[in-house]
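Engineer: One letter stands for each residue in the lines below.
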Amino acid sequence: MQKSEKTPLIEVKDLDLYFGMFHALKNVSVSFNAGELIGLVGDNGAGKTTLIRVLCGIHEPSSGEVYFDGQRVTAFHPKLAIEFGIETIQQAVGLCDNLSIARNFYLGREPVKSLLGLRIFDFALMRAKARHVIGEFGLRDNVSADDEVETLSGGERQSVKIGRAVEFKNRVVIMDEPTNHLSVREREHLNDLALQLRDQGLLVIYITHDIFQVHKLADRIVIMENGEKIEVTTTDAMSAEALEDVIRQGGRAVPKKVAVQ
Amino acid sequence: MHFAAILGCIAMGQALVIMTEEIDLSVGSVYGLTGAAFITLEANLGVFGAMVAGLVLAACIGMVQATAVLKGRVPSMIVTLGGLFAVRGIIYVWTGGTVRSLPEEARAHWLMHLLGGELFGIEAALFWTLLLLAVLSLVLWRTSFGNRLLAEGGDLSTALSQGVRTNQIKTTAFVLCSMLAGFAGILTLADKPQTHVTLGELMELEAIAAAVMGGTLLSGGRGSLLGALLGAFIITSVRYELIRLGAPAAWYISFVGLVLIAAVIFNQTLAKWAGHRA
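Line by line, the protein sequences give chains A and B.
This note's numbering puts the first sequence at residues 1 to 261.
This note's numbering puts the second sequence at residues 1001 to 1278.
FYI, nobody ran anything at the bench for these hints, they're computed from the structure.
Any given hint might turn out to be false.
Partial chain B-side listing against chain A, Cβ under 10 Å, derived [claimed, not checked]: (1) V1139; (2) T1158; (3) A1159; (4) L1160; (5) L1217.
Every residue, glycine too, gets a C-beta built ideally from N, C-alpha and C.
Use the sequences and the hints to build the structure in full.
Structural biologist: As structure tokens, then:
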């Protein structure tokens, strides 16, 4: 397919996903562009997380098509998603408590050098990069690259994950309720980072229950309910209050005149 | 010393498996079976061939068990408990309950001297175990495989989300564990060249006790290979100390049990004190 201005970075067409008898995603079609911050909202069980799990390779769709940068995606595995440059930031997942920041940073793509034919870590490089991220992304000054992640606060963990997304030149950063359990200051810091990522031309997909917060951040909002995409709107076209009404009442409350595709 | 080195070899494999948040109860039987295979096959394959065949057999057992755990989604506790009985049964059937020993000419083989001899008055088994400790520690702490293994034991879903092929890592850990147990069996026979159907009975428990005493957390992700080896030395020295003190041999097993419980409690307390979520 010809790559042009108009080609969305991620395009999902008629996506269906079944878990046994359970119809988790129902005929979802949506497209996301580079340099966009998308708010993905909806009630619990609406299918938000399921949809992004398809995008990051954990679930394989039962039917439908997924395109990345115009190319049809045919195989689904987290490893492949990482190779495409899709990084997912979740509250509970992404860093191993028992490993140091440097080891976590490179988990799954460790830099190695050859020593007597054995491929061992390039620890100097790992530490240097981890130190750089600690400095750039607002961690405490006394945090060392060798500290275990266990010693970090919730906000610092999210910062490390975002730092990783930036350092590995990702193209898509998916944030799944990234500000849960964060302090006010940590939340603002994280939202600033999300906007910076977008301004650098990355696609940011931001999942949250905090409608007012995402309304301030996002360019477009995708509303889901019961495994269906019920609405896509720009934040200019719909107020946060109206958005909240839509989620509360399900698709019935969508005022048709503001709906944009 | 010799027994401690053998037990340490098995305990290091066990520690690797425990670090992935699994357990291998079959190592005592695998140790015995590899020994029996080594002696029985020596007649046809020669010393070197029998050693390779024994290790391949051990690796296959590890592979089969890992497949059952990962593809069959059965807890490793159950699978390897089955392995413990099944492999022990194979030893009984294969040897017919008889004591087998290596013929004289096989004992004179250079490989047997290398594995079972002495250097500066110290048994070769200890050198082999220390060599394995050095190599495995390097692999665990300085290679991608080790990093991924620790990550998997610490947080499986994170390891998956970072694209780690978690099943491959666990399978490798099980295979390594079985092969280390098998190698320990061969080391034993190089020193005392006859086998018995009960060879290695209860050794799985001693190996787990040694690994846990050495600081490997049963919750996965944390541990030490050197610790496992030291744990083996503690268990062994207490065994011989108890015998020297004239205590009935039966007390030894009670001791291992009590120390295991005490070590787990101590580990958890220590982990809490260090601020880890154990």
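Engineer: So, for every hint listed, does it hold in this structure?
Structural biologist: Hint check results:
no.: 1; hint: V1139; verdict: 8 Å, holds
no.: 2; hint: T1158; verdict: 5 Å, holds
no.: 3; hint: A1159; verdict: 7 Å, holds
no.: 4; hint: L1160; verdict: 6 Å, holds
no.: 5; hint: L1217; verdict: 9 Å, holds
Consistency note: the structure conflicts with none of the earlier hints.
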